[in-house]
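Chemist: Chains A and B are the protein sequences, given in the same order.
Read in order, the letters of the first sequence correspond to residues 1 to 477 in this note's numbering.
Read in order, the letters of the second sequence correspond to residues 478 to 978 in this note's numbering.
FYI, nobody ran anything at the bench for these hints, they're computed from the structure.
Remember, it's a predicted structure, so these values are computed and weren't measured experimentally.
By construction, the Cβ of each residue, glycine as well, lies at the ideal position given by its N, Cα and C atoms.
Some clues are possibly wrong.
Heads up, incomplete: computed chain A residues facing chain B, CB under 8 Å, no partners named [as the list claims (entries may be wrong)]:
(1) Gly43
(2) Leu44
(3) Pro49
(4) Leu51
(5) Arg78
(6) Phe82
(7) Pro87
(8) Tyr90
(9) Asp270
(10) Arg272
(11) Pro277
(12) Asp278
(13) Leu279
(14) Met280
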Amino acid sequence: MNYETVIGLEIHAELKTKSKIFCGCSTKFASEPNENTCPVCLGLPGTLPVLNEEAVRLAVKAGTALNCRVNYLNKFDRKNYFYPDLPKAYQVSQYDMPVCTDGAVEFECGGRHIKVRINRVHLEEDAGKLIHLEDEPYSLVDYNRAGIPLIEIVTEPDMRSPLEAVTFMRMLKSILEYGEISDCRMEQGSLRCDANISVRPVGQKEYGTKVELKNINSFRELQKALEREEKRQIELYRFGEEHKIVQETRRWDSGKGRTISMRSKEEAHDYRYFPEPDLMPVIIDETAVSAIKNSLPELPMEKYRRFTQEYGLSDDDADNLTGDRYLSEYFENTVREGAAPKTAANWVLGDVLRMLNESDISSREIPVEPARLCRLISMVEEGKISNTAGREVFREMFAGGGSPEEVVEKKGLTQISSEDALLDLVRKVIEENPKSVADYRGGKTKAIGYLVGQVMNESKGRANPAVVNELLVKELG
Amino acid sequence: MSGGFKDAKKDGSDPAGTSMSNGHMGIREISAGVAGGKWSAYEITEMYIDKIKSMDDRIGAFLTICEESARAQAKAVDEKIRSGKQPGKLAGVPVAVKDNICTDGIRTTCASRMLENFVPPYNAAVIEKLINEDAVIVGKTNMDEFAMGSSTENSAFRITKNPRDVTRVPGGSSGGSAAAVAAGMVPVSLGSDTGGSIRQPDAFCGIVGLKPTYGLVSRYGLIAFGSSLDQIGPMSKTVEDCALMLEAIQGRDDRDSTSYRGEYQQDYAGRLSGDIKGLKIAVLKEYFTDGLENEIASSLNESIRRLEGLETSVDEVSLPAAGDGLSAYYIISSAEASSNLARYDSIRYGYRPKEYADVDELMEKSRSEAFGTEVKRRIMLGTYALSSGYYDAYYKRAQKYRKLLRSQLAGVFEKYDLILGPTSPVLPFKIGERSGDPLQMYLADIYTIIVNLAGLPAISVPCGFSRDGLPIGLQLIGPHYGEQVLLQAAYALEQDLKLGL
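Next up, chain A with everything else stripped away, as it sits in the complex (with noise of 0.2 Å):
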């Protein structure tokens, strides 16, 4: 038999407001500890919360960039819940009013068209954190993230495998970075992601019995975690024993590979939410949603659209780069300074990438100007220094700056095209390769790539392949 993978998601992001959802403290990371508190966040007796408009302003943008429907009237719940990390002992969020509802967000994968609903959008605020000393009795709390606010998206079961769901999240991110939402750094902790899963026979109807899996880092690890816990789920059915299946809370272990159960549905909070009646209901304005519409910028799926046709770049191309809006900016910009889309492209997904990924620097850090990356890209197209020498400038213009020119002259990699300077080269190697001349004088042609190569070699890189191409075959005659 046959079995269906049933994903949906719960999202928080943190959104990228320079204060806190109800108080003034900075929202700044890696502070000191405690640094940002006050004692609104800190809930000492007495304080009260005070809605931060930019927050909301943010949900809205996001709910209006998934096609939500914006509720002009919501309001704030308290879920009331124990936690030391938890200053108030109840989280401010929202319940039965979120602030949007209704959206869907739509991606291709694996050649298919997918529909991904989102159910609602939410505000809260994120609570402390707890460290944990390894050779202490006690622990400690961090509350600069108490109080920083997040929405919760929660999709519909709508994402068939664990590849559609990791695909739902690259998009979404995207989203979130496009409007400038959020920051989206997962490794930070300011996006994170719940995965409820479930399998069921093709052909059944109603949904199978549905996992949480918590505590998941990175895209790798969900896609990790989703394919172990499917793995888990369509054994127990092969087996005849899906009852084992029970609605429960699982973390992943990314260390061991697996994940452990934390609580069964017998065991889960009552929350006991109840309207928060410290802050008024949320009113917003119709003319402030379509200003926050107007303000959204161009999202993944239209940009892509536009590459493709605007610049023809392939749909792999286009959808590498829009997939991050700061290298497809930084593409954009390339080509705005006069270089050739198509090259611009092999660059910004080649080289530009491969230096970011060895050095670990953000896509929206690119030392290199754009401006400087064009002049390199015309100095390689227009013959003055070779392919090879213009991805080692690159090297170095991105691991020590300076632009292209002093690089060039620096390093002394100007582009050899002169037949009188290459002869000599070109004649020394045709004698030691008695062996290749030989195939090509019997009739190999394809063995000129080999001495070309060669050249290529003796002259560091700075030779004219084309030149050198040309006065071998002179010379073999």
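Keeping the supplied structure of chain A fixed, place chain B upon it in accordance with the hints.
Modeler: Here is chain B on its own, set in the frame of chain A:
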């Protein structure tokens, strides 16, 4: 009656000997004297601190006497006047503050072991306002723990006695603030009122107290009990002082999202006169039932006759929703309290148990050991009311009732300026008489709670005495932001009755 006044007189410490006949000096007299150089704020402060020190052993109204900070504040007021600056409206007026209102650097306990050593790093909005008007905070007063109670017997620290009869309770939960004023230890005080906690002790102690419209006075710095019901309000000997205090503490505060955004009446006290001709007053039929003590009913009837003599009209009307108020109140206030008091987990501040194995036990033990019985009862009640499966039957139904009550009351205020009734169904009872019976205790709030559920303003004024000389309070309820008409009617009654309090 109270030995308090006599003691104060015997002291002979009234500056310049200008005090009124019963030893009481009002806000205008004190502040005018301070502003005009007749006496200094420092002298006034010393005088009242002496009174507190000599009398409070017997009354037990205070949890903290702020000697040092009060002297420093008084000196600052005197310095301001010496340097030629215009003094505030409350120049040198000593104020006692209920111990659930945060005072910067001064212990604020809520009369609970949980916050026995809690020193807030900030002032409540009302404290800032009082200090801006050059008042002097002389002490923090006793109360029922976390404002839950009607007798101040639920304090973790001490019993407060009614200055009118020290064998009786002063009412609650603002019992300390009421007793302090009634005994003459301060001219005015601040209380908080979630279901009657200002008005009921005022009635018990024979003083005036106002619960303002929800939103009129900032709740910033008031330690929350029932957030949608809580309001801070003034307690005083006279209606005029009550009006002057309200002027000082009201006002929009951006730190409180429920703060009133409209225009504020500025001059309540200046508009007071004995003339209330043409005022239309409604008396709620539902308030005159079996539970009301006869002596209170007859005192109220006498007041109604007096009001009619002042050319007002008094009609009996029905408010069918009034009967369910008590249940709805205990559901909503306890639900909110269960959440508001959840933060006391001993992680960041507050009581810490001596021994605990892990963080769960730390939280459990601290709450079991440091909260009193009544607080625990309300937390359990509220937790139950909010639990899944019970929410609709309790909390949601109570909220629906609240809407119904509001609309019925709005109907009354379409035809009438004020609603009149008793403040409390019973006279001040003996200490210990009701403390074992929570239901009996809850019934003490029966006439006051609908005011909080509807967010209305209400005032309690003395209207007479029982045969045993125990004070009786009359409650006037106004429409939203109708403080002026409340104060006006209370003032006219006060002038007419001349009870000589």
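Chemist: Work down the list of hints and note, for each, if the structure agrees.
Modeler: Against the structure, the hints come out as follows:
no. : hint   : verdict
1   : Gly43  : holds, 5 Å
2   : Leu44  : holds, 7 Å
3   : Pro49  : holds, 7 Å
4   : Leu51  : holds, 7 Å
5   : Arg78  : holds, 5 Å
6   : Phe82  : holds, 6 Å
7   : Pro87  : holds, 7 Å
8   : Tyr90  : holds, 5 Å
9   : Asp270 : holds, 5 Å
10  : Arg272 : holds, 4 Å
11  : Pro277 : holds, 4 Å
12  : Asp278 : holds, 5 Å
13  : Leu279 : holds, 5 Å
14  : Met280 : holds, 5 Å
Of the hints listed earlier, there is not a single one the structure fails to meet.
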